[in-house]
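**Student:** As a plain string of letters, each chain reads:
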Amino acid sequence: MENKIKQLRKGILELAILGSLENESLYGFSLIKKLASYQDINLTEGTIYPILSRLSKEGLVKSEWRESHQGPPRKYYSLSQAGQKAYQILSEEFKRLSGLVYQSSQPSPEIMDGKKEKTISIKKGSKNGQ
Amino acid sequence: MANNFSETVQKIVNNYLDRLKSHLKGLPEPDRKELVKEVYSHIYESYAQDPSEDGVERIFNVLSRLGEPHEVVASRVSTSMVDMGKKRKLPFYILAGVMIGLFGLPLGVGVFSLFLGLAVTLFALVICYYAMAVSFVLGGWATMIVSIIRLFYQDFLLDYVQGFEKLFDYPTGEILTIASSLVLLAIGILMLWASKHILRGFKFLILLPFEKIKKAREHRK
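If you read the sequences in order, they're chains G and F.
Note that numbering that gives the first Met the number 0 has the first sequence beginning at 0, numbered continuously upward.
Note that numbering that gives the first Met the number 0 has the second sequence beginning at 0, numbered continuously upward.
The hints are simulated quantities; they were obtained by calculation from the structure and are not laboratory data.
Because the structure is a prediction, the values reported are computed rather than measured.
Incorrect hints may appear among the rest.
For lysine to aspartate or glutamate, the following EDC-like pairs were computed, each having C-alpha atoms within a straight-line distance of at most 16 Å [claimed, not checked]: (1) Lys56/G - Asp168/F; (2) Lys74/G - Glu33/F; (3) Lys33/G - Glu13/G; (4) Lys32/F - Glu63/G; (5) Lys84/G - Glu57/G; (6) Lys36/F - Glu63/G; (7) Lys36/F - Glu66/G; (8) Lys33/G - Glu21/G; (9) Lys84/G - Glu21/G; (10) Lys56/G - Glu23/G; (11) Lys61/G - Asp30/F; (12) Lys74/G - Glu63/G; (13) Lys36/F - Asp17/F; (14) Lys5/G - Glu70/F; (15) Lys20/F - Asp30/F; (16) Lys32/G - Asp17/F; (17) Lys56/G - Glu33/F; (18) Lys61/G - Glu33/F; (19) Lys9/G - Glu70/F; (20) Lys165/F - Asp154/F; (21) Lys20/F - Glu33/F; (22) Lys32/F - Asp17/F; (23) Lys74/G - Glu210/F.
I would like the entire structure built from these sequences, with the hints used as guidance.
**Tutor:** This is the structure in structure tokens:
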């Protein structure tokens with residue numbers, strides 16, 4: 000079960016990081032604080048660094064070092080243009096899929112016009128995607 | 000880097016960063032330095048904002064929230080380490096595969112004995128060949144000398160003469176003996192001369208399977 004949670008969190012955390020950086024640039028610790036301020040997500044803080052480095056390797060995120068008025072310099076991350084685009088596409092997809100997750104736990108609707116078919120086709124699509 | 004860590008806290012931080020570095024051995028130097036710097040920055044910020052009074056308690060809170068070094072480096076190291084591992088291990092696996100294929104454990108002893116038997120047999124053949132060639136040469140040469148002497152002293156080694164001398168009258172027997180000893184000598188010399196070619200042939204036959212293995216291995220590399 001723990002593994003399943005990990006898998007689920009990884010992708011969603013990545014998306015949330017992209018979202019956090021959409022309108023402002025943040026350094027690692029401030030990004031963690033921002034994420035934790037919305038939800039108590041019980042985050043192992045170090046795990047965001049591998050995600051950030053993967054995102055910058057993929058060119059979705061850019062980074063620069065800036066001096067801090069106190070203490071060591073901070074590495075600020077922000078979305079690249081490709082990152083902006085990717086975030087829009089991915090968050091759209093995520094909205095649709097999370098809607099599916101909530102709907103799928105409802106009792107299946109009586110044979111209604113088209114609505115059920117649509118749900119089924121999404122399910123099939125996701126299966127083929129695996 | 001200005002910091003307000005106490006000595007003990009600085010020691011704990013250094014220990015953590017050392018352990019982090021040891022997890023980053025597969026990475027290129029600039030990447031390593033950058034990550035260590037970033038994690039140090041994180042520790043500083045997190046420490047500055049932790050509410051605990053005691054410095055040691057504070058740094059332990061910071062580090063336990065941050066997670067163990069292997070979690071911080073998780074995906075980065077894995078890819079470059081895996082790449083390195085592949086480069087190093089692939090030829091070894093191929094070689095091991097070839098060796099197991101040829102001398103596979105269950106067959107190992109049998110195949111080895113077969114090779115050993117063949118080698119000993121060939122060695123014995125070579126020894127016999129040389130013994131024969133040398134005895135032809137020596138025998139032919141000695142017989143010729145004796146026969147030539149007998150041409151002049153008919154009684155020389157009379158008791159030991161067994162061949163043509165008994166069948167034919169003097170000097171026909173002696174001349175025939177000289178002729179046959181010359182033939183023997185020629186055969187011996189011919190054998191010695193041919194030996195280097197024959198040996199080369201044997202060598203080629205023995206080394207043939209090894210050459211094939213070597214070539215196959217190089218080809219797969």
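**Student:** Any of the earlier hints contradicted here, and which numbers?
**Tutor:** Of the numbered hints given earlier, those the structure breaks are 1, 10, 16, 23, listed in rising order.
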